[in-house]
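Undergrad: Chain residues, written in single-letter form:
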Amino acid sequence: MADLAGVNGQRENFRVVGKPNLPGRLSYAMATGVAKYGADYVVPDMLHAKFLRSPYANAKIKNVDTTKAMKIPGVVDIVTWEDEDIKNLSAGGGFMGPPQPFLTNTADQEGGVIGVIVVAENEDICEEALGQLKKDIEWEVLPHIVDILKGKKPDAPVIRPPAPKPKGGFGGFGMGGGNNPPRKGNVSYSNINAGDVEAGFREADHIIEYDMNIPAFSGHIPNPSGSVAWWIDDTYHGEGKSLRIEGTPWGHDQVVRMYSMPAEKVFQECMLVGGRYCDWGIRKSQLVTPMLSKRTGRPVRCINSRYNQYDFNLNQRFMHLKVGFKKNGLITAIDDFSIADNGVQGSSSFGTTMDQTYGPYFTTRCQNVKQNMDIVDSNRGKMWLSGQHNPMNWDSITLAIHLIAEKLGKDPMDIAGLNLHGPESQTDPNPVPSFEACVEAAKKMMNWKWHNTGEKKLKDGRMHGASFRYQQCPRHSVSGYNPKLELRNGVVHMDSRGPVIGNYIMEANMMVVAEELGLGYKDIKGELDHHEIFKPWGGGSDGTTASGWALKECANKLKKQILETAVEEANNPPAPSGFGSFGAKKQAPNPFKGMKPEDLDLQDGKVVIKANPGKGLPLAQAVKANLFATYSGRPPASAWTHQGKQLDTMNVAMCEVAVDTETGEVEILRFGVVADPGKIMRRTSLESQIHQVMYFSEGCQLYEDFIYDEKTGVKLSTNMVEYKKPTMLDHAPVDMDLLETRAGNAAYGSNGISHSLANTHLVIAAIYNAIGKWVDPPATPDKVLKALGKA
Amino acid sequence: MADENNDINRRNFLKNAGVIIGGSAIGAAGVTLRPEMAQAAEAVKAVPKTVTQFRCPVCSKDFSSFADLKNHFKTDHPEHVVPVTTKLNINGEDCEVLIEPHWTLQRTLQFKLGLTGAKHMCDRGACGSCTVIMDGRAILSCTTLAVECEGKSIQTVEGIAADPKWRPLIDSYCKWDAMQCGYCTPGMLVSAKALLDKKSNPTEEDCRQALAGNICCCGTYHRHPTAIMEAAPKIKGGA
Amino acid sequence: MKPFNHTNATSLAEVKTALSDGKTTLIAGGTDLLGTLKDNILRTYPSTVINLKTVPGLDFIKEKDGMLKIGATTRLADIAANPTVQKKYTALAQAASRVATPHVRDMGTIGGNIAQLHRCWYFRKPENRFDCIRKGGKKCFAMSGDNRYHSIFGAANRCIAVNPSDTAPALIALNAKVLTDRRTIEAENFFDVKKPANTVLDKNEIIKEIHIPEPPKGTKSAFLKFAFRKSIDFPIVNCAVMLGGDSPRICLNAVAPKPYRATKAEAAIAGKRINEKNAEAAGKAAVADAKPLKASKFKVQIAKTLVKRAILSLK
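Protein chains in written order, with the working numbering: chain A, 1 to 791; chain B, 1 to 239; chain C, 1 to 315.
One should not assume that every hint holds.
Here are the simulated distance ranges between beta carbons [claimed, not checked]:
1. A:HIS206 x C:ALA270: 51 to 61 angstroms
2. B:GLU205 x C:ALA270: 55 to 65 angstroms
3. C:ALA13 x B:LYS45: 50 to 60 angstroms
4. B:THR203 x C:PRO56: 56 to 66 angstroms
5. A:LYS153 x C:SER47: 42 to 52 angstroms
Using 27 angstroms as the maximum straight-line C-alpha spacing, the simulated BS3-like pairs for lysine-lysine come out as follows [to be verified]:
6. A:LYS71 x A:LYS87
7. A:LYS135 x C:LYS23
8. B:LYS175 x A:LYS535
9. B:LYS152 x C:LYS2
10. A:LYS522 x B:LYS199
11. C:LYS23 x A:LYS71
12. C:LYS294 x A:LYS711
13. C:LYS2 x A:LYS773
14. A:LYS457 x C:LYS220
15. B:LYS61 x A:LYS71
16. A:LYS68 x B:LYS198
17. C:LYS230 x C:LYS195
18. C:LYS195 x A:LYS68
19. B:LYS198 x C:LYS297
20. A:LYS606 x A:LYS525
21. B:LYS199 x C:LYS294
22. A:LYS150 x C:LYS139
23. C:LYS220 x C:LYS277
24. C:LYS220 x A:LYS790
25. A:LYS153 x C:LYS294
26. C:LYS135 x C:LYS194
27. A:LYS322 x A:LYS184
28. C:LYS297 x B:LYS199
29. C:LYS135 x A:LYS135
30. B:LYS152 x C:LYS16
31. A:LYS152 x A:LYS370
32. C:LYS2 x A:LYS135
33. C:LYS297 x A:LYS457
34. A:LYS610 x A:LYS711
35. A:LYS135 x C:LYS284
36. A:LYS484 x A:LYS522
37. A:LYS370 x A:LYS184
38. C:LYS195 x A:LYS711
39. C:LYS264 x C:LYS291
40. C:LYS217 x A:LYS773
The set of hints was computed from the structure by calculation and includes no laboratory data. If you're wondering where the values come from, they're calculated on a predicted model, not measured in any experiment. Think of the CB as a built atom: it goes at the ideal place given N, C-alpha and C, for glycine as much as any other residue.
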């Protein structure tokens, strides 16, 4: 509910927050090309390193003879998995399951790192050495699985032993609890039950069943992962050498830990992560360089090629749904079965069992939900999340609503509204004001005229289809935020450790600070330094609003200090500092003398008297002291507002398509998004978040495809011609309307967007509405034609 | 030791503490430049005019002349391709580099000339992030051999950024958040500038067609035509 | 990529001599060659690359002697933008304008576009991961693998990869000729399926010019391309037609290892009015001999539709 717990949550007038077109902190650096990413760094005397990549989907190196490769002129070092320096490193931990050896003689995906690292004077010599090594390796090629439906069969080869059970964290199965059957072959299980599904089906008037396939997709990160590292003599930050590394802004802490370095002796200037949307994976090329640099005594650069960057996926999942509903469309039971790709070793269970504790069903009134999952090990890649990187987004509910609407001859917007529970809980019978407002605005914006399946043909002969989905606008209050604000020589500093990913969280936070302190956006200095603690992050814009809340609280703490200090210094002027004070001219009398802090305010960069704002002093004059305020906490709601059981701010999305039934080509005529993020923080980036997720949605539903050669498990689409990110000419128009009901409880009643809007089936549902056929994403022309019986 | 592409000797890394939003520096002819544009201008000027370091790309030994380096190859790397020197004209400045013949222009710009605006995203000509302008055409530096560029005039994003004439384009890119992570942005901006060189008043379709070869993994597409069309009338003729 | 020596050639004779050593390869726009070298997908890697762009007299577009003459190193962007080509040799202008991206069109040449290698993902997988027929190996991996983009008209020399050129079918539809340093070849006869090349050119033979006869009065030509994305992508199917003269010319590409002259479609539309019914019949005739593999069956439908629509666009 509206930001009632914090200070000024109910603010009515905004000078800064909500304004569009305020450039980002690093925007000019990006536009002028002076911004440097890890792959850009060039350092004198630099060596280059490359990992050996497995040509097989599942393989072991039985032995390798490095003699010939070492003899190639320009090869400086070859490190194998048996080397002590490698054994002293480790990777993983946390989200990614238990820590694992950094490099082994095994690889469980084609193109995965295996066994050997070459260090040479340049990349070409590295490639030459790797070519030689491949001839001098005795390989053991193991059976592989790249088709999880085949991998789950009882006679499928078992591709690896079960992973050790983690000691906590997110790395394992069985998060759903319940009695999970024991693992069999490549398959593990997770079953959870809520309510009484059998009773729910008995109560139903109709039952529908449908299949849906959530696609694997990724390839988000445009800048190839990797780093440059070198060691420097540094007597100012403690004993021993300091480490300088560039290219690992997201994994800075991991480097500190891996190399057992004091944090103050690891320096990383580069704050630019690149386009790392839900491609959280730190690659080994970002972690290995300090070790190689130490070994060789020179800076070492290790950068992946584009081919190497298709190693992490949002995993594939096959779903079969059975949904019972009453004749008015109210859902009474949901039986959700899925077969999920568990990927290679070290994959995150965020993409499998973690999903089950907060799925999309909990936004409905139906409390009878059964979720069974078969989780299949594979050699497809490392998996992160499923369902467009947000489990709340499974379009299994979108499709249920669509099919119910079709069956009953009703509008899916109405079916959704009927099933949506109230703001407070699943048993709350009240409507959700934000949802109603979104739907009303959506109908207007889209000129919404729902038609049933296959009923509308356009003048040019193509079939028209439309679809609808909803979700809540959430906040990622998963972590606490620890901001710090300083007043230094009259200037407010908001220091953070970054890094910068492109969702402008830092800037949105600076806007909040400016708002609360009566300053302009340009007045706030945002320092970026890995030695700071405050991380302005959170999933997409979801985190923007949660960290914004913490900054709002922190800013008001600083404000209190400022006003108290202004009074104190008025009554007891501090001694002037430095020699320059001699002969300084006499200052006008301080207007705050004898006043109380509550009599004062901050406006337009000045400390002013509330009752007479014309009277005041510029901040630098009013307060000479250096002040700082910290805040630790988060807005009072857990992630995803109690996992879908509280609904305050909502969004709806629509899609219109035209299907050419002669060629199978699908054109998205437009997306429509009406979102109520409660309060818009940084308008331009909120709009860009919406553009971005609709771009992801169209990409995975029409173009992007992970294609494997079944026989060998080799990846066939790992380049930017075959893995098809939509181009400017493909990108669909996005009509947008933004509402501000102030109903959220992050800063000023705001919430985020991004994750909850990203989807895998909005376009698919529209295609279904057009031609009456389900086409799994990506709905490429070949699949559409096949569905139409023309191929 | 002296070398031509030494980032940590130059002050051209963006030390964030030094950048104030809205701040500026005075550039040539008293024109106000943003610090980043000034930094781009410095990078343009810092491109080494002649080859001062004759380092063997195979074994990293240093020699005092090109002739000595070539002799070294004769005796110590007889099977290996011999490096060459190539004259280039980058952002209006003549320079000479010592490279191997197979080096792409992108690699040369990054590793020899300190110009990292042309990015490595796909390195296969399928994404546009390495776009530069060569003799008036927007082309892909990752798919261009440096040794084939003698006598051609090449402009990189840094050269555009250093030219106050193009300030409105950079301003409008930043105003409209036509970047998220920023990695594809230089390539986009260069393609946009090449368009504006040909069409001073482009339509939305002109913009989309000109940027059709630039991939943005963050989905910023819609904001590029907006930024370009807003800047177009503000670009005044003459450099 | 692996190092190579490089020469900026100043004459065709120099190029010819250089190519004769069997270890030298020619570079024009470089938009195909450099990718193959970076990925190291050829059986033999050149020790020298010789630049054809520096040979004068190969970059031109002119109408002369009753024909359009285009130099081999003329950029595709220039061909697409040329008013004469747009007006009279329309299919070629349209084809050139649909190649890849604007950047590639400003680098790629017409000679390179018709001589380019095929785009099979087994052939193109880096480091010769699949040592296929076209590299001198024993097997076509696409035949038993993922062949959704491959030939719908069967194999040639046991390979089912398709010719991906956009300009090739336009040149064939326009009855063009390819002039090399030693002979003149009808565009239709220019293509072959070798290891790994896609043309009949001898080892040191060089394309000099393309000649296209001025289309007879009353004829019009058109080109359509079907690809998944509207930019960057190679064609799934493309189609060029020239109608209105004595005999129609219809050519498909990306459907077979060589450009496919749809003679049955030509017969079906010859002398007939351009309307929906006749165009549809021609489309069907164009694919009458198609024998797709299971995954590429959809290309038959697309080829059929493109022929129909290309014909109808000339109404």
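Undergrad: Please write out, lowest number first, the hints stated earlier that are contradicted by the structure.
TA: 2, 3, 4, 10, 13, 14, 16, 17, 18, 19, 21, 24, 28, 34, 35 and 40
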